[in-house]
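Engineer: Residue strings, one per chain:
There are 2 protein chains.
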Amino acid sequence: MALQIEKIKKSKISDVDFNNLKFGQVFTDHMFECDYENGAWQTPKIRPYQALAFDPSAKVFHYGQAVFEGMKAYKDENNDVWLFRPDQNQERINKSAERLDMPAFPKEYFFEGLTELLKLDKEWVQKGEGNALYIRPFVIATENCVSASASTNYKFMIICSPVQAYYAGEVRVQIADKYSRSANGGVGYAKAAGNYAASFYPAKLAAEQGYQQVLWTDASNHEYLEEAGTMNVFFRVNDTLLTAPTSERILDGVTRKSIIQFAEDKGIKVEVRPIKVTEIVEAAKNGELLEMFGAGTAAVISPILGFAHKDEKFELPKVENSYASFIKKSLTDIQRNLAEDKFGWRFKVQ
Amino acid sequence: MALQIEKIKKSKISDVDFNNLKFGQVFTDHMFECDYENGAWQTPKIRPYQALAFDPSAKVFHYGQAVFEGMKAYKDENNDVWLFRPDQNQERINKSAERLDMPAFPKEYFFEGLTELLKLDKEWVQKGEGNALYIRPFVIATENCVSASASTNYKFMIICSPVQAYYAGEVRVQIADKYSRSANGGVGYAKAAGNYAASFYPAKLAAEQGYQQVLWTDASNHEYLEEAGTMNVFFRVNDTLLTAPTSERILDGVTRKSIIQFAEDKGIKVEVRPIKVTEIVEAAKNGELLEMFGAGTAAVISPILGFAHKDEKFELPKVENSYASFIKKSLTDIQRNLAEDKFGWRFKVQ
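Residue numbers (the working numbering), protein chains in the order written: chain V, 646 to 995; chain C, 646 to 995.
Looking at chain V on its own, in the form it has when it is part of the complex (with noise of 0.2 Å):
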């Protein structure tokens, strides 16, 4: 491939004000588009960030097709720019597209596009703790036709936006028990866009009660744990870590495979298998359930202070030694070059 870079011709930089960033609303000098038409990926390129004209009667607009994933880019204190297991999220990034009938984005195109963008864009990258790039990959499908089907055409992009360290503030949950995210069979594996708009609507009314996210079950019953908001969900029970297997339901999270090999090779004893609500309320009324905590890119890890199920409410203890504290140092530390990386995770820019 010959990847097509236009450079802009004044950076906006100085503009930003890095300490007072709001999480993906600034977005860095370029961005990295490629098209795909008459069933081929088109010469990629590099362009100055800025809007783009698209019918009315784009497939993306009427029927959702459209993926994404979330990354991360660390600056170290040698200037040096660092990715935190970019594979899983490009062959992620395909996965999801496979289930919405869309064509596989080439990890090559995918590799260079990334790389080529974080190079010319490497001022962005913002040293020091909890600062970083964001990275936004998608692809949407762009034929201009309103018939209910699959796009002849799409558009793949990378955005960039910094971001500061992610502090929800403090958060509990509601443990769903009318809506769900996603059922057997469907789309919730898939960072597929519609799952998302599906999750406001009874996040709000979580929220309206006092909750910050809401705690999903299955679809059919009710009775198992699956992710919190949009994010996989672990419960420390004990001293042992508990997370659902992933599923057709459950996205594949790159941060929840990551905390369960270190914590798996730190001794913690991890369970992943599947897990009733009845079972983490039980533990609960006896003290057992020490630790909740969500994990995903945006945060790492976003700690739950406490849950409600129907109408009972759960405050978790103040813990010494806790799980969420001492994996989120390591794996920020292991992704910002401040620690060892046992596992091969860290991925140089360059």
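Worth flagging that the hints you see were computed from the coordinates, not collected in a lab.
What you are looking at is a predicted structure, and each value in this text was computed from that prediction instead of being measured.
The list makes no distinction among identical chains, and a pair is therefore deemed to hold if it is satisfied within one copy or across any two copies.
Simulated pairs of lysine-lysine, DSS-like, Cα-Cα distance not exceeding 30 Å:
#, residue 1, residue 2
1, Lys752, Lys849
2, Lys740, Lys823
3, Lys955, Lys740
4, Lys921, Lys823
5, Lys902, Lys963
6, Lys823, Lys902
7, Lys930, Lys849
8, Lys930, Lys823
Following the hints, put chain C in place on chain V, whose structure we already have.
Structural biologist: Below, chain C alone, put in the same frame as chain V:
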């Protein structure tokens, strides 16, 4: 409200071959749009149909926060233009929007925009059997931000596409026993963009085996029949018409409810109740399953000639006095102002 109208300088209608239209690819001279900003719908506008600029971070591209409707306008021999139960579509787009945490679009804006647009583009509604103007109202999330939460900004649009008689070819369906379309607590009842993207891949797999549509079943056990492709579905067993009740999982189709009302008025027995796969398979084996058809705006009624369930294949008999033919003719006569409008379904555009 003050509807702003900017007319085209020169119509492109003379470039269109109305005898060779592909569904949903040609659009009329004008489009209607209205933006939601700062918590309110702004001045609605009719403008020349054109591409619009979107930032790559617009939420619709990432989170599938988008809903739509499908309607048709018909022209009678007096050059009057008619809609079919547009109040139903107006109500439903707001129900869909609510489920995706999007603001309702005011009824008066909807009808003034729709009416003025159709008056401006009246020449695009062609007379004659099968000819119609397909109308696509839709709403998309336009906030420029990649955080996974409901958008602050939206765009409501109506675009119109001239269509000929919809004929999907011979349709046979495959009963879903792995993939699912929706679940309890989900968004199946809404015309949510993501529902459609999720159906493309299972539809492709069915097509590879020679079936033009998937006959969807419940996600829990694939035990009950729900919808066919993107249509509601009816079964004629002996002289009774069966269709599933609407639910969280099943779209409350305008054609569906019109068929039920019309058929009952004609003395046809209609049972609206959960329908087991085993019951239909049994009826097919016994020779009691006389007809199956899909019901939706695009095709009105789409006869289904046969179906597969797991490894069994069934062909339906050729029947005299087909319910599908009779009901389709009767409904389209009402739609086209060729028959009495006993139920008050027609709406004159004026």
